[in-house]
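There are 2 protein chains.
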Amino acid sequence: MKARVHVFLKEGVLDPQGKAVASALQTLGFEEVLSVRQGKFFDIETSSLPKGANEERLKEYCKKLLANPVIENFKVEVIEP
Amino acid sequence: MKARVHVFLKEGVLDPQGKAVASALQTLGFEEVLSVRQGKFFDIETSSLPKGANEERLKEYCKKLLANPVIENFKVEVIEP
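Those protein sequences? They're chains A and B, same order as listed. In this text, residue positions in the first sequence follow my numbering: the first is 1, and each later residue adds one. In this text, residue positions in the second sequence follow my numbering: the first is 1, and each later residue adds one.
The following block holds chain A by itself, in its conformation from the complex (with noise of 0.2 Å):
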């Protein structure tokens, strides 16, 4: 399978880094910029699962390592099944 999963602070979450980017890109000129929030995301690849478990799967990669559930939520999205 191959898959992307988003990860990102939840809403009301502050976002430090998010500012700070944001504000730099004013710095730089671009004062349209509005706000932005920084996430990360992974691509991953694994041999094949039995049908159907895929999403599964990968919300327990989630919930046991990739994601922080006090302030992270997740989004998972198999691209290749």
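No lab work stands behind these hints: they were computed from the structure. Hints may contain errors.
Heads up, the list lumps identical chains together, so a pair's fine if it works in one copy or across two of them.
Stated by the list, open to error - When the alpha-carbon atoms are kept at most 35 Å apart in a straight line, the in silico DSBU-like pairs for lysine-lysine are as follows:
1) Lys19 / Lys51
2) Lys64 / Lys40
3) Lys51 / Lys63
4) Lys10 / Lys75
5) Lys64 / Lys51
Keeping the supplied structure of chain A fixed, place chain B upon it in accordance with the hints.
Chain B only, in chain A's frame:
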């Protein structure tokens, strides 16, 4: 405009962070994991720009700040013009 920009290492550039994630997943019992590559993304909101200028502008953000052109590629995506 609302947009999402993905920044990721060029093919062939080593990704130790992704490698660490892959072996951590394997250690956790997810032995099907073959490889992981990690990237970052930015959700950007701007005040409205002249029609047709959106993509070009996002690429400028990448070239000037968001991506390191020596080792990273980027992909811009306008979500709401």
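(message) When the structure is checked against the list of hints, which entries are broken? Sort them ascending.
(response) none
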